[in-house]
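Asker: Residue numbers (numbering that gives the first Met the number 0), protein chains in the order written: chain A, 0 to 378; chain B, 0 to 276.
No false leads were mixed into what you were given.
Straight-line Cα separation of at most 35 Å, DSBU-like style, residue types lysine-lysine; simulated pairs:
1. Lys294/A to Lys245/B
2. Lys294/A to Lys237/B
3. Lys177/A to Lys237/B
4. Lys297/A to Lys245/B
5. Lys245/B to Lys310/A
6. Lys297/A to Lys191/B
7. Lys294/A to Lys191/B
Honestly, the hints are just simulated from the structure, not real lab data.
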Amino acid sequence: MSAQDASAAPAGASPIRITPQSLLQEWQRMSGKIASGSRRLAELSEEQLAIATAPKEEIWRQDMVRLYRYLPADGRQPSGVPVLLAYALVGRYQMIDLEAERSFVRKLLAQGLDVYMVDWGHPSRAQRWLGIDDYVSGYLDDCVDTIRSRHGVPAVNLLGICQGGVFAACYAALFPRKVKNLVLAVTPIDFHGDASSPEAGAGYMNLWARSLEPEDIDLLVDTFGLAPGAVVGFSFLMMNPVANVAKYTTELVEILDDEAKLLNFLRMERWISDRPGHPGEVMRQWFKDLYQGNKLVKNELMLGGRRVDLKQVTMPVLNVYAEGDVIIPNACSRGLDGVFGSADYSELGVPGGHIGTFVGGKAQKVLAPSVAKWLAQRS
Amino acid sequence: MSQDDASTAAAPQLLPAGWLDSLYGGYLRMLMAGGAGDGLGALRELLQGHVADGLAGFGKLLSGHGSLASLVQGGGATPLAAAGEALKPLALNVERAYGGLADAFGLAPLRELEQAGREMASAALAHRQAQAAYLDVVAGALGKGAEVLTTRLADMARRGESVDTLLELLRLWARATDEAMHEAMQAPAALKASAELLRAAARSRRQQQRVVAVVSEALNVPTRADMDDAYREIQELKRELRRSRKAAAADDPPPATEARRAAEPGARRTPKGSTAA
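Let's have the full structure, built from the sequences with the hints guiding it.
Answerer: Structure, rendered in structure tokens:
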């Protein structure tokens, strides 16, 4: 787009300066890009497109859940209390280790941390009855106990991301003696935080969930049992429908002849296409008790017959939020100083969106070093 | 007149011009028309077993049509509704008298399937209506996006800026439409349409599942409900086992030497394999 002299542009004239000649030139340029891009796509190998390549070993498994320990970077001996990362159920953990240059995991390892990851796997219809308590008091507790046993420590550092952060917060409230430090990243705690101060273009899931009746959630869960990964993916696509369609057309064409950008795009698509199903009972409680009832921040959430009281979260808490997050509005994830019982509560704003916090260029320089430093100060 | 003109003039026009648009437009209008008395509403009433109401609806429809009006003159849909009312006790009493006999001959699944099929068709119709209403909202948002784009282009013209490539224009359109979509889809009307679509889709799916369940039971094939019940019991057992295991482990802390060995980086001594739930 070019700015011309105001005197050269007659008032009321259309700004569209597309001529048949410019259209032809643009077509030739695009054709060249598409041709070279097609050749490049055909030449790319499976190894180049691999994601989550940070070396790790499987430590424990149960049902479809796996616990991995990442191997130290460059042979360095990790120090300090191990940190367990817990991602959400709605996407695979590979996003935080997307590629070598944009890997939150590798950056934590480079800081000398001993990093573990829980992989929730791919639930099938057989897991439709899994509830949030099964994940928190079951799988997550087993992972924590395994790490505690291996290292002979009474407590571990816990880092939860988005829905994984909600699980981590619940765990820290129910098992405070097993958590040394708690880090929450892009985690909704006050699900109605945006109700009084809605942000344009953000928090669509909050609005949509609150527009449903509780009976609608029951109907949905009782009918479908398990939300298929494709449906979950579609709901995220619909948050920015036109932009997401433009991504595969106008934006993709521009990067076809840039191998680095093309690989970034393809690796992200690999992660996006690997959406796990979502167990129905988790979904029922997530929507009814959290999105609609907002029970977590009110300390009314019940898991396995026990009340989740965030005041029992007495260990240090670092709350990381994405400054441009449209999926979890900032009003839902920050300003939680009085919510926890901790006397050591900090917040960290990171540039980028919900996903960009972990893969964005600017965020890469901020997030891992800040988290590592915060944990080191409290080891 | 040339030979071509003559042949063109002589070619019979089998269908009116724009017939496909009229047909599709009529279909959409029919889907979105609500309330009793319209054709779709009458059909739904019949599918749901409300014979009198369904026939009354058709009666009202027919009252607007020429020669058939004589059937319903002087009372609109009354004769048809009356016929429907008369049919109701007849259908009920046939069921009472012959239902048991039909079941004895193994026809129970068929009767159940007939009922389930009618309800499935009714739910599918409701689903289509909800989809049409939702698409109406989306179409409105797209239209609004075009308005936003026009405004943006006018602002650019005033600032002396220009759009020199088709790609730039497409990007401008995408941004403008995305903004309009966000605003529209977060509005109460769109949220309501979305919620209704979800309900209609779930109900339609439930009816489909019911039809499959009727056939499965008739063929002695486990149904989805049977499997879900089994999975629920398994999950309950796993929870009990987990509670027992954790209660036992609470009294039995891990040996310190094993913990030290396992903590060494690169140590691969921890056996892989499933653990008990």
